[in-house]
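Novice: We have chain A already, so just place chains B and C on it with the hints.
Residue numbers (numbering that gives the first Met the number 0), protein chains in the order written: chain A, 0 to 259; chain B, 0 to 440; chain C, 0 to 381.
Please note that a few of the clues may not be correct.
Stated by the list, open to error - Straight-line Cα separation of at most 25 Å, SDA-like style, residue types lysine to any residue; simulated pairs:
1. C:K147 x C:V235
2. A:K75 x A:G65
3. B:K295 x B:K34
4. A:K203 x C:A223
5. B:K169 x B:A31
6. A:K104 x A:I86
7. B:K214 x A:K139
8. A:K203 x B:D44
9. A:K250 x C:P374
10. A:K163 x A:V59
11. A:K203 x B:A203
12. B:K156 x B:G146
13. B:K243 x C:N355
14. A:K163 x C:P374
15. A:K258 x B:D241
16. B:K34 x B:A208
17. C:K229 x C:P272
18. B:K243 x C:Q267
19. A:K203 x B:T240
20. C:K190 x C:A223
21. A:K176 x B:G351
These are computed hints drawn from the structure, not numbers from a lab.
Residue-level listing of the chains:
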Amino acid sequence: MHPNRLLSILTLSAAAIIGLAFTIPFHARAQQSTVPQSVPTSSEQVVHHNVPASTDGGTVIMLCDGKTSIEVKGLKAGEPMSHAQAIAVTHELMDKWRRENPGEKWEMAQENQPESAASAAANAPVSAAHSAKSPPPTRKIQQGDTYASFTDRDYKIWQTETDKFVAEGKTIFHSSKLLGSTIGVSCDMCHPDAANTHPETYPKYQVQLQRVALLRDMIDWCIENPVKGKTLSPDDEKLRALEAYILAQRKGVPLDYGKH
Amino acid sequence: MARSKLILWGVVTLAIFAFSSRALAQANQPLAQPKSTNQVGFPTDLYHWVIPPDNPLTPAKVSLGKELFFDSRLSADDKESCSTCHDPQKGFTDQLPTSMGIHAQFGQRNAPSVLNAMFNTLQFWDGRAPTLEAQIQGPITNPIEMGMASMDAEVAKLRAIPEYAADFQKAFGGQITFHDIERAIASYERTQVAFDSPFDRFLAGDQKAISDQAKRGWALYNGQGRCMSCHGVNPTQPLFTDFKFHNIGVSAHKSDFVPLARKALALLSQKGGLQEIDRLAIQTDMSGLGRFLVTKQPHDIGGFRTMGLRNLLVTEPYFHDGSQATLWDVIDHYNKGGVQNPYLDGGIVPLGLSESQEDDLVAFLATLTSPEYTKQAQKEYQEQFKRSRTDRPQRDEAAAMGLSGRNGPGFSGPFGDIGPGEAAMRENPADLGGRPVDSLK
Amino acid sequence: MAARHKSVETKFMEDRSHVLESLKRLDRRSFLKVAGAAAGAVLAKGLMPPHSFQLVEVANAAVTKSFETQGESGNRPFRFAYLSDSHLYERTINQRFIRGAVKAVEDINALDPQPDFVLFGGDLAQLGRRAELEMGRQILAELKAPVKMMVGEHDWFLDLGESWQDLFGPPNYSFDWKGVHFVTLMSVHEKDFWTARHMTPEERMNTVAGLDNPIQSRFEVGTAEREWLKKDLAKVSPSTPLVIFSHSPLYKYYRNWNFWTEDADQVQAILKPYRHVTVIHGHTHQMLFNQIGNISFYGMLSTAWPWPYAPTGLPALTVQMNRADPFDQLDGLGDGNLQVRADGLVDKVYNLWDRNPISVKADYLTSHGKIDRPPAPQFASY
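Isolated chain A (complex conformation) (with noise of 0.2 Å):
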């Protein structure tokens, strides 16, 4: 093991969780009161460990196996360590935890230490239609404070926002007036929950336009021919849900451009 990566877990031992032990509980409560299957999330994953007092006002050190650690004699609790010292802190755990666990890989023991968050997870029911909403709960998520950072409230909004933005879609697809249609015909009456408008397939030559098209392209074209309206501009709103809800339709099936 590198010296600066142990390094760093002694830090995240001394202070992070130390300091993460009060937060931890209630963020969790939080977190199982919307989420009934209680899916593990990553706040949850972080292992409080007790540290033993010093014996002698030293500064004790744990292991991030939670089981050992060594005292520092001499260093005061917020006393900066110097570089030697640290190097020295860190073989002298590791020495130690060598001699406790013969035999055994780093990290190995590592994996091994709490329950698999990732198993559990893959166990846990979780509906196709809200899979989206949960980030992969797994221990080993990057996290950051500001980017890249996302909260299960995020992860609703956005699929709040889409889900309204399909809807949408299919209000349109189901309504001549919408459409704009001058004979009363709309999407749904050829195509109930958007059947046969095989969106994965473009794009693709389509044989009414004798060209490579769009999704987007048969829509419009379908609008001012069987549907007789007025053809959409490629960023019309409309234009844009009717896409949405013809492509939310087809979820799980494998692209497959150009396919007749």
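Specialist: Showing chains B and C alone in chain A's frame:
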């Protein structure tokens, strides 16, 4: 040009009698020479797919084919050659409503152009011949076209002409056979490719190659005009056709389809084959049945092949019976939704094109002219334009705009119309019953 | 030159406008007769209306042999035709669907010999309006052969069948013809989903009219009508061929679109004792056939628009029709005729417009696909 058509039609016989060396003169014209494939817009891929492996192009075959194409000795009275009806000076047509053959007899069909005919999936207006080769026996043996008694008679006649023996020997390494006559003429026809038009240059990226009006026409061609779905075009297949058969109602007002179809069926069940179909198509009123003569399927009644649109200003008049003189008439026909009949193609509906939109479409069609026909086409365009300002026999404003029942002047919406009714223009039918979707979940 | 064009067209137009002008003075029924005869010029000359010439003989040739098979009972074979699912809007709104219905009437009138009768397969109207139903009745009145009416959900749920029954009588009935017992069912009953939601009749109609609208309940024949069916069949011997007309398919194909009859199992059980049973149904707007035990099922084509095949549940015996091209407003549509063989089995001709007709023989179904397989589509559903 259009105005002089009647006169031309009437006196063309005399012209042929008067100039016996006409065919030879035709053959020497620049327009009759094999064309280069080095043209903007030339469909190289397609070209290689459609040359039959059993009849590759060779200079000897092309040269022989050209001789035969312009040789009136292929006909029974030594007066009609292929070029009589497929004159290079007229875009390889005769610019007549229907063609005139032996003894000044007129058939029922308009002569299609040889230009780009090599790309057709089937030949003739009704697709009764599968290839250029197979097509050739039709006119040669038809009694009112070139009038030869049989294919054997044609072979015997050519074997008596000394210069052909050597040419056939050189091209095919043997005696004259009808099969080789077909292969030689078809080879020459495969050198008649016409692209290189302003529109080809436009598609290749030259924005200035066509006018703004033509560009508007191109948009209509793809959109409101619904032209593209049948007269399909793209760089791989730039022929402006789907090579399929549609009943657009052209023969509906001249033919009573039901009795005709029964009559044709009775005849074809006694004697089938290409020759009988050819006879019915060229010499009888059953001609208007079109594709039905070949397939005997009711939905093919009155169906004719979608024609390519290149150089169409020099191949007028239009449709399988040459019944329309100008491109405005043609567009008027489509604009009102064709002529109603029980077998009308379900894709033919009123288009609602305004006068200026029709002008735009014609301006676009005029850009499909290959360089060798530019001058002729310009002249024809001017004449058609002038005529279209005063003479519009096919125009039916109300039907086109869906303001009345189709083809029913002054009458609002009879059954059988598939365009929107009068009220659809005032009231949105959707107002009658919007579907509750989310509100009721 | 101009004169030549004008003479043809002008003559045609003059003939036509003469006819059409005179129409204004006629009653609506006569009007329809005239308009249905599409080539006005011929009509103006006082000739017979040129009913569309339908070469069903070509497709029928395939089934003629079995058609002529003599049954033990010595029954005479016969033919009846159908048109179905016309979904008519009022004339001022949409004439495309009217054209489809009229075209089917022309097709059937052109059959020679004429069918013994014509089945209308339900969904005459689109929004269940009286005017739609009345216009439909006028169109069907043009049929030369007698018409047997069946109701569909689009006809029913605006006024719960009031107008339809007023115009066409009771929705379920039976009759005997040439040794075959025919039963017409009203198979589109739904459980009351509207009262609790305080829906107006229009809202109820529009909900049912949306195939993929999940609010409505599933179709069913219902307890009362099943009892009626049992009673009706009590007097029919098990060796008598049965032909059942039902708007919904009397089996479970795809629940979400009501390609489904909730009590199909109970109905099938009632039909089980009979040797030959054929169910002819509407609603699905596609070539569709199935065989369950002793029962053969045929779906009818629509004259308004085709439905796609459902994502699941398609009977293995069904050979799909080609995907329709939306450029052609008639593609995927059509009508057809059914040939009741002397042994009581039924062959069917799907007369697809703008395509070659396809015949499906009863032997294909009863052999569970071992013989007489119909031609496969070039493009099956996605």
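Novice: Next step is simple, just say for each hint if it's right about the structure.
Specialist: Checked hints:
1. C:K147 x C:V235: 20 Å, holds
2. A:K75 x A:G65: 21 Å, holds
3. B:K295 x B:K34: 38 Å, violated
4. A:K203 x C:A223: 52 Å, violated
5. B:K169 x B:A31: Given pair K169 (chain B), A31 (chain B) holds - Cα atoms ~22 Å apart, limit 25 Å.
6. A:K104 x A:I86: 20 Å, holds
7. B:K214 x A:K139: Roughly 58 Å between the alpha carbons, so the hint for K214 (chain B) and K139 (chain A) is violated.
8. A:K203 x B:D44: 19 Å, holds
9. A:K250 x C:P374: Violated. K250 (chain A) to P374 (chain C) sits at ~32 Å, over the 25 Å cutoff.
10. A:K163 x A:V59: Given that 25 Å is the threshold and the Cα spacing comes to 54 Å, the pair is violated.
11. A:K203 x B:A203: 22 Å, holds
12. B:K156 x B:G146: 13 Å, holds
13. B:K243 x C:N355: 15 Å, holds
14. A:K163 x C:P374: Violated: K163 (chain A) and P374 (chain C) sit about 44 Å apart, past 25 Å.
15. A:K258 x B:D241: Holds. K258 (chain A) to D241 (chain B) sits at ~20 Å (cutoff 25 Å).
16. B:K34 x B:A208: 22 Å, holds
17. C:K229 x C:P272: Distance ~11 Å between K229 (chain C) and P272 (chain C) Cα, so the pair holds.
18. B:K243 x C:Q267: 46 Å, violated
19. A:K203 x B:T240: Holds, at roughly 19 Å.
20. C:K190 x C:A223: Roughly 13 Å between the alpha carbons, so the hint for K190 (chain C) and A223 (chain C) holds.
21. A:K176 x B:G351: 21 Å, holds
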